[in-house]
Each structure stands twice: as structure tokens, then as C-alpha cells.
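Chemist: Listed below are the residues making up each chain.
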Amino acid sequence: MNDRVQRLRDATLAARPTISAERAELLTNFYRVSLGRFPTPLLRAMAFRHICEYKTIYIGDDELIVGERGPRPAAVPTYPELTCHSVSDLEILNSREKTSYDVAPGTIETYERDIIPYWRGRSLRDRLFELLPAEWHATYGAGIFTEFMEQRAPGHTVADGKLYTTGTLDMKRHIAGRLDRLDAEAVGTRAEEETERMRAQLAAMDVAADAVILFAQRHAELAGKMAESERDPNRRLELETISEICRRVPAYAPATFHEALQTYWFAHLAVVTELNGWDAFSPGHLDQHLWPFYEREIAAGTLTRDRAKELLECFFVKFNNHPAPPKVGVTAAESGTYTDFANINLAGLLRDGTDGSNELSFLLLEVIEEMHILQPSQNVQISSETPNRFLQEAVRVIRKGYGYPSVFNADRVVDELVRQGKSIEDAREGGTSGCVEAGAFGKEAYILTGYFNLPKVLEIALNDGVDPRTGTRLGPATGDPRSFENFDALFAAFETQMRHFLEIKLLGNDIIEGYYAEHMPAPYLSLITDDCIENGLDYNEGGARYNTSYIQGVGIGTITDSLAALRRHAFDGAARGGGAGAASDPGATGRPCPMDRFLAALASDYEGDAELRELVVNRSPKWGNDDDEADELMRRVFDAYFQAVDGRPNRRGGSYHIDMLPTTCHIYFGSVTGATPDGRAAGTPLSEGISPVQGADRLGPTAVLRSAAKMDHERTGGTLLNMKFAPDALAEDRDLDNLASLIRTYFKLGGHHIQFNVVSVETLRDAQLRPEAHRDLIVRVAGYSDYFCDLSRELQDEIISRTEQAPA
Amino acid sequence: MTGTIFNVQRYSVHDGPGIRTTAFLKGCPLTCSWCHNPEGVEPTPEILVLADRCAGCLACVEACPQPKVERADGTPWTNRAVCQVCGRCVAACVRGARKLVGREVTVEGLADELERDRPFYEESGGGVTLSGGEPLMQAEFALAVLELCRKRGLHTALDTSGAAPADVAARAAALSDLVLFDLKQLDPDMHRNTVGAELEPILENLRAIDGSGTETWIRFPLIPEATDARENLRALADTVLSLTNTRRVHVLPFHRTAADKYARLERSWRHDDLPDASEGRAARVVDYLTGRGLDARLGG
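Protein sequence lines, in the order shown, are assigned to chains A and B. What the first sequence shows, in numbering that gives the first Met the number 0, is residues 0 to 807, in sequence order. What the second sequence shows, in numbering that gives the first Met the number 0, is residues 0 to 299, in sequence order.
Everything labelled a hint here was simulated from the structure, so no lab data went into it. Ideal Cβ positions, reconstructed from N, Cα and C, are used throughout, including at glycine. Please note: incorrect hints may appear among the correct ones.
Said to hold, decoys possible - Computed footprint of chain B on chain A, listed as stretches where at least three residues anywhere in the stretch have a Cβ under 8 Å from a Cβ of chain B:
| hint | segment |
| --- | --- |
| 1 | 369-378 |
| 2 | 732-740 |
Unchecked claim - Here are the computed lysine-lysine pairs in the DSBU-like style, where the Cα-Cα straight-line distance is at most 30 Å:
| hint | chain 1 | residue 1 | chain 2 | residue 2 |
| --- | --- | --- | --- | --- |
| 3 | A | 171 | A | 161 |
| 4 | B | 98 | A | 747 |
| 5 | A | 709 | B | 260 |
| 6 | A | 224 | A | 308 |
| 7 | A | 224 | A | 171 |
| 8 | A | 709 | A | 747 |
Pulled out of the complex, with its shape left as it was, chain A reads as follows (with noise of 0.2 Å):
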């Protein structure tokens, strides 16, 4: 990189992340005159405006794209229409140990003296708290789900290709086109107080158009200022360059790639000021889209490759001053990280089903290798058509151990878009985003609404329908276990208690996403999603072309081993017989294992039962080594947990399909379960994804990805599975071919994704032991990459904990 850029990257390393008030002095300021004097979709889009007209802008020494959410990098907004922070979040904020942020006294004065006075009932927060229902709560509590739109907004979605061919003033015009037409159609066809609704929508629309190409214009006047009084010409011809481009973009479509760049990162300030929606937003395929930019300029003469990559490097900057906002309760315990999860695509699948790369796609793997920053997430989308050499190209990188990229199947990517209901050209155009979750990009509202932890469902199921940690009835009374006849009779009540909490799920889901349809509207990020112009309709309200909402499950290593030991030892042959045949076959146990051994077991976290524990550690069938015992209860639960969800309607028009992802939530779900039959401790970490339990799969990687390719991925809208190379595993270039050929496999059998860990166990320990040591110390978690340093304890001794692969 060169000296601008490694100034550039110093600074956004060394900025401390930093709770900023503006932007919610300036909300309330706006609430407390306007509220009430509009249609809600009016004073969201005002209150944006409003946002935009008044925050501080920023632009720093040497930047070339411009532009921060906050008044300064680092410096991150609250949103008190959300969540609004209580003096007390506000200082264990300042004070945790892991992931805190500054908090300035004077931070807390306004927000005690201006904010808490006006929000505290008012948020959404307070608001869906008091709507949800008792079941609700008992269930949320338990740590049987967790909900996502509790503080944070939907959004979990990414910019497709119209940013760069579309200008704003282009969206106002479609959307003026749009209320002639809603004049000019039959009336009658539709009432009249629905076709004012979509006026207000239209409206509310243009009014976010008009504010982000307001904002983009304060940049261009600040940046003029900055050049008349600059005395470096180099630095005076570089801001005059800004200005002009911020005069241009948003507002006109983008012709240069540097404007390209400029433009996206206008709409991600845009997205992410307007609300705080989950993922931030994402540039998704940026090669594909700055391609024609590239391909152009590097043709005329007038950009280099070198340009270009400083230009991206620039840009990456951006997102890596973004520390995601604070999140408080569960929430900060199933996501608790500075990343904020936007994603870059590499490589995939143009809309004609060719190869989607380009030299762009490996420019930007060297700028991933540079740059050896937290954000943004990048992965590479490989499918059959992608060429080996790019393939080869991103395990390369893949070797250096920073946990990026991560690896999607493109192909099966598309299936399981295509699966759910969309047109195979949107599927193409879609990817992955956030952690592993597929979408069809700039078309698509596709909501991840909370994890659900399977394991814990089956604790209930043990406990005839009540939570052993608190002793609370949740769940249906399904029998006391020790009375099940066989292992069927077991998985039944297994069965009845999730479809029971996942309608209580589902019941919550319906209540919060109709409070985001008619009190939290996102106009902007309507304008840029189709077709929410053409249907006069909110994103939030199901204004996409497609509405899905995911539920993600967690712990299926977890539970299928469990289930496996439950039916190997509690169940079958000598076990429940009494020891017939032991002394035949080395495998059985010999020992008579009735249910009510293990429930005590259980119960007493294996202190009294040390021998039961071992039994079922070594003697059971274990999900990730290739055995079709293990791995056909492993789809046996995948299947009951799949019918429970898929396809059920949600409020938005759209269909619930299922995820199998955990973010940090497999702690946090672990925290919440006891001891499992699979001989987990309680309190301890649930299996990670889809990655078997740690420790458990003991036949190398094939063994785990035939395991992994078990499940139906088509049928998921995204799996995680995670592995953990040795840095000697992967040392001579035949090791990485054997890699290549290990991903290219996995695919070929139907996995979604895969993500790798390069660094070794010691390592890790002393990077515990010698934080100061490794603060650079980069390592995929589940999804996303973080500072190992920046992990909580369980969750870095959840990481030292997964299998290592090393060859034969």
C-alpha cells in the first residue's frame, strides 16, 4: 500500500470507537416539534432529512471517498427511536471489558437531560417489550430464541447494480412517474385511503431522495472550502476533485470509478443514518459493478491499477470507521463485535449464469491482503464457472490466516434463492451477506428475525415441558421421558415443544414487524429497493419483490449428538437390555443405561455420574466423521426443525425460511442450557453452525464435509461451517491445491459455505495470555472475522476448542 493509504489505515486502527450524541440531539429535536404533524412515513423520511441537513460533516486529511455516519470515524450515532441507551447501558458501555466504547460525561448529561425525558416509553424498544406477550417473554428469557428487531431495524441487505447506472434524480423522476400513474389508474380498483397511503409512501421517498443529495452537496461545498484554504496543491486539486464529485453523485449516476465508489458509500451513509438497520449495507458485488468503470478508464488511459487500488483501499477504510452501534441485553451477548457485518462479493455469477469475475475480483483480494482490516467482510463466491486460478488466488490469501475471505458455492446459492421463489436472472444477481445469509441483492428484504436453540428445546423435551434452570413450565407437558416406549416417542415430544415455541416465535415476529410497517418506515432504503416504488410501499411494509424472513438454528451438532448418545445408550439394544452381548462386540457398553440415569445425569451436570459422561463421549455416534447413524438423526432434526418454518407466511407478504448460523449466539444459547447428553458441561458452548461439536469429528476434513453435505443446504437460505487449519497443514502450495479441491468438493456435494481458521492452538493461547502481543490478531468466529483479543473468554476458548485439521 502506499504512504496515504498507511496513513490511512493507522488512523482507522488507532481510533477508539466512541458513543456520539448528534445524531440523537438532532432526532429529538426534530420528534419534539414535528411528531404528530405528519403521516409517519413523512416524518421518518423529514427526520432523515433533517439528520442530513444538520450533522457535522467530516472529511479527514488524505481521504479521497468522504463521508462518516458519525461526526468523526469511529464516533458512532445512537438511535433513540430504537433503542434509547439508559444512563446505566451508557456507562457499562464505557466501562466493559470487551468491545466497550468511550462515553464522554458530557454524552451523558444530554442524554439525561434531552434524550432519556423523551424517549424513555417512546422507543421502539420500550414499545415491543409492552406488546409482546407474556409466552413471549418466559420463552425470550429462557434463552430459547433471540429477537433481532428488538434494537436494531431490519435491514440486512445489499446495493444491487442500479446504484451505478440509476442517479437520484433519476429515482425522483420514476417516483413522479409513479403518482401520475396512481392518479391515472382506475379508482375503485383500489381504496381510496390505500392509494393516500402509497402517496405518502411516494412522498416520503422523494423527501429521502432530496436528503442524500442534500448531504452529498454539503460534502462538495466543505470540501471547496477545505481546497481554498489548502497549501499543499497536490492535497488543493484533490479536494476540488471531491467537490466535484460530490456535486455529481448521488444526484447524477456515477462516471468515473471514482464516482462509482463515492456513490456507494453515499447510499451506506444514507441506509445507515436513516436507521439502524441489522448488517449496516453492503456493496455485494462490487467487482462486477465497478467493472465497466474500470474496464473504461484503464482503456482511455485516464485510471491505473494502481489508482484504482488505492481508490478500493480508500474506500475499505470507510467501512472500518464504522464500529457497529452499541447493543445492549441479549443482544449484545448473541452479537457482541465492532463489526457491523457489511460484505463484499467477489467473483460469482453474472445475471446470464457465466463467470462474474474479473481483474477487478483479484485486485481486490490483494487489497483484502494489504489491508488486514476488521471491516468490511469479504468473501468470494466460487462457482463452477469460476476459473481455478481465482480460486487458487483466494486460498492464497485464504493461508495468511486473517480469516478472510469466507467461501460460497454460488451455484447452490442460486438454488436455494430459486428454491424460495425467485427468478433465476435476481438469483444471479443476489449472494451471500451479514454472515452466510442468502438474498436476492437490491431486490430483497430478507429479515434474519432470531436464533433458535435447538439444544435447549430438547432439555424442555427431557424436562417434560419445564425449564430445569428455572423450573418454569414453558412447553407443553409431553411426558415424563423415562415413560417413552423408544426413540420415536422421544423425538415426538422433542418435535411438539419446538413447533410450540416457534409458534410463539412466529406469533412475536408478526407483532414486531407490523410495528416496523406502520411506526418505523425506511424511505430511503425503499427508494433504492425494488420495487417498493412501483408498489408504493415501505420496506419495512413489504414494499420489496421479495419478502423472506429467516429463523436461524443453532447447535445442530449439539442436539444430533445428543440425540445419537440418547439413542445409542438410553434406547437401544444392550444398553437398555442389560448388557447381553457386551463381551461380543467391543463397541457396546456392557452397562444398562436407563433414562432415568441420564436425567440425573443431567441434572447434576455429570458430577455425580463422571462414567456416564465418558460412556457417551467415546461410545457414541458423533455427527461430523462421515456416520450415517449420527448424521441421519443430524437431517432428522434438520427436517422436523425445516417443516416447522419454511413456507409459513410472514406479515410482509413473503414466506419464513430457515438459516443454520450463530453469529456468537452458540454462546450465549450455552450459557442458557445445561449439561447436555452428549456429554457437554452445562453452561458451555453449543456446537458452532453447522461445524460439528468441538472436538468431536476425529476423521479429517472429508469426513466433516460429507457430514456437513448431509444436510439439504438447498433448502436453507444459509449454513456456516467453520474449520481449523494448522498454519504446518497448509505450508507447501500442494497443501493448498489439496484446499482448493476440499472447497470445490464440498460443493460439488451441495455446502453453502465454508470459512477457515489458519492459526495455530499456541498461538491463540498466547495471544490469552499476551493480549498486548496480538492485537492484530485477526480470527473468523462464525461469519465474520474479528480481533481475537476483542473475544470474549468463552468465546476464545470456544475457538481453541474446534478441531484442528492436520493431513496424514
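Given the structure of chain A, go ahead and fit chain B onto it with the hints provided.
Modeler: Using the frame of chain A, we list chain B on its own:
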């Protein structure tokens, strides 16, 4: 027909090209002191003891039909002189401190197991490898497995010491796409003393396989104080250069990672006190062989 194997290793990437699965056949006629698969030498199953897992519950002693024996310190002791390897002690140990090494498999059964990773072989240009022990010690079984794997379209590799009757070696080579042939000690007297077999029949097998046209890679274990003498390296180069088709030599530096295995067999190992082959030495050996016109490589 059945055979006895002691391991099936998936994602095996040092026993031939690509991603492979290696079956280790139990039993070896040689007595190399440096052997890194000591559990593969005896043709019959054995008991392994993982002492660090033992909690001293003595369930194994209870389960044993032989006269009960335990050590003075209360830990179990395997009396290998009378042990019938019935496996009762293994079944009794829930902690997994005792393991049975060596299981009987059918030709079909092993071929099925080897075939599980077929998609990985196809993608990587890999396949299956028979190793040991000396796989050709169970000659008919090994030949049948190679034949069946080949019939199923899998790339087959044979990792052999060459210590086998000439007709067996020739038939095995004909059923293999690749032969990994060990050469250790090229002085006939020293060979007899350290490896425990005559050198000449092994070299005859090597020449026959080389002449048959089956691709052959030489594997040379670099063992301090056993194979790393200058004369031996010179003889190794001369021997390979005298072959018609074979030029590739893999130098495998000795390391003591097998020490654990000897401990599990409750045996001492003379290499416990000997040094590993140094990296520098191994690199110099590779350089020497390369200088002699061979395609020499470090590692498997």
C-alpha cells in the same frame, strides 16, 4: 476373503498425489528399529494403552478372563504373554484408555470404506493407497483390494518395502497406478542387520516393477546413524540411476513422533534417545540426490 488392517486414514496427502485415503494393513516381515508404525508390525490385533486417559478404576482388570494382574501402584498391567486380545478390557473401559488395534475387514468392506471420499479424489487427482506394515504380507487380500478398487475406477497406490515374493510384487504392481517403494539401506550386510531381511530380492522386485512401466516413486527414510551415511546415499543414487524409468526420490526425515505409539504398546524404543534428522541435513541430502540427476523431494 478378509484381511487385518490397523487404520484407515482419510485426507491422506503424503502417500501419493492429491487427496487420498490410505488403508494400513497389519503385519510386516521387517524389523526396522525406526519404524513409525510399530502397531503395524504384528499381524494380529493388539491392545493399546492410553495411559493419560486411565482413571485407575480397574474395570479392565475386572473384565479380563486371564489371571487378574495389576501393578503395585494400582494401575492395570497388560500381560501380553497370556493376553488373547479378546477385547473385554477395551469394552469395559468407558474412558477409552484401552483400544484394540487391528480389525478384520472383507475386501468389499474395505473397498467401500476407501471409496467414501471418491468425490474428493476426483476433484484433486487423488485416490487410495495401501500401506502398512507391509501390505503385501497379506498378499491375496491386498491384491484383491487393489483389483476391486481399480475396477471401481479409483486411482491405486501401493506403499511397499518390496519385501515380498517376486510374483506377488509383480502382480501388485500391475494392479497399481503408482508404487511407493521404500529403499533404506543399500549395503547387503547392514540391510540384513538393521532391516532384518536380504536386500537382493527387494532390489529384484524393484527392478521388475520399474521395468513393468508402473510409475514408481522411491521413498528413502533418512535415519540418523542408520541410513544417512555418505556411502549409503551414494549407493542409493547409483541404484536408482541404474533403473530404467524411475527417477523420483522422496527423502523422509526421521522424527520421533512415533514415540507415543511405542508407549501405547508398552514397549521401549531405541530411538527415544536418538536425534531427529535435522532440516539442514535433509535439505543437503535432497541437494546431493538432485545433483546426481534425480528428481529428489523433501517429504512424502
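Chemist: Does each hint fit the structure? Answer for all of them.
Modeler: Results of checking the hints against the structure:
Using a Cβ-Cβ cut-off of 8 Å, 0 residues of the segment 369-378 of chain A lie near chain B, which falls short of the minimum of three, so the contact claim is violated. Using a Cβ-Cβ cut-off of 8 Å, 5 residues of the segment 732-740 of chain A lie near chain B, which meets the minimum of three, so the contact claim holds. Restraint check for residue 171 of chain A and residue 161 of chain A: satisfied, since their Cα atoms lie roughly 14 Å apart, inside the 30 Å limit. The suggested pairing of residue 98 of chain B with residue 747 of chain A is violated, with an alpha-carbon distance near 36 Å, which exceeds 30 Å.
Taken as a hint, the residue 709 of chain A and residue 260 of chain B pair is broken in the structure, with Cα atoms around 34 Å apart against an allowance of 30 Å. For the hint linking residue 224 of chain A to residue 308 of chain A, the alpha-carbon distance of about 27 Å falls within 30 Å, and the restraint holds. Distance restraint check for residue 224 of chain A and residue 171 of chain A: the Cα-Cα separation of roughly 29 Å lies within the 30 Å cut-off, and the hinted pair is therefore satisfied. Between residue 709 of chain A and residue 747 of chain A the CA atoms are separated by roughly 12 Å; this keeps the pair inside 30 Å, and the hint holds.
Hints 1, 4 and 5, counting from the list given before, are not met by this structure.
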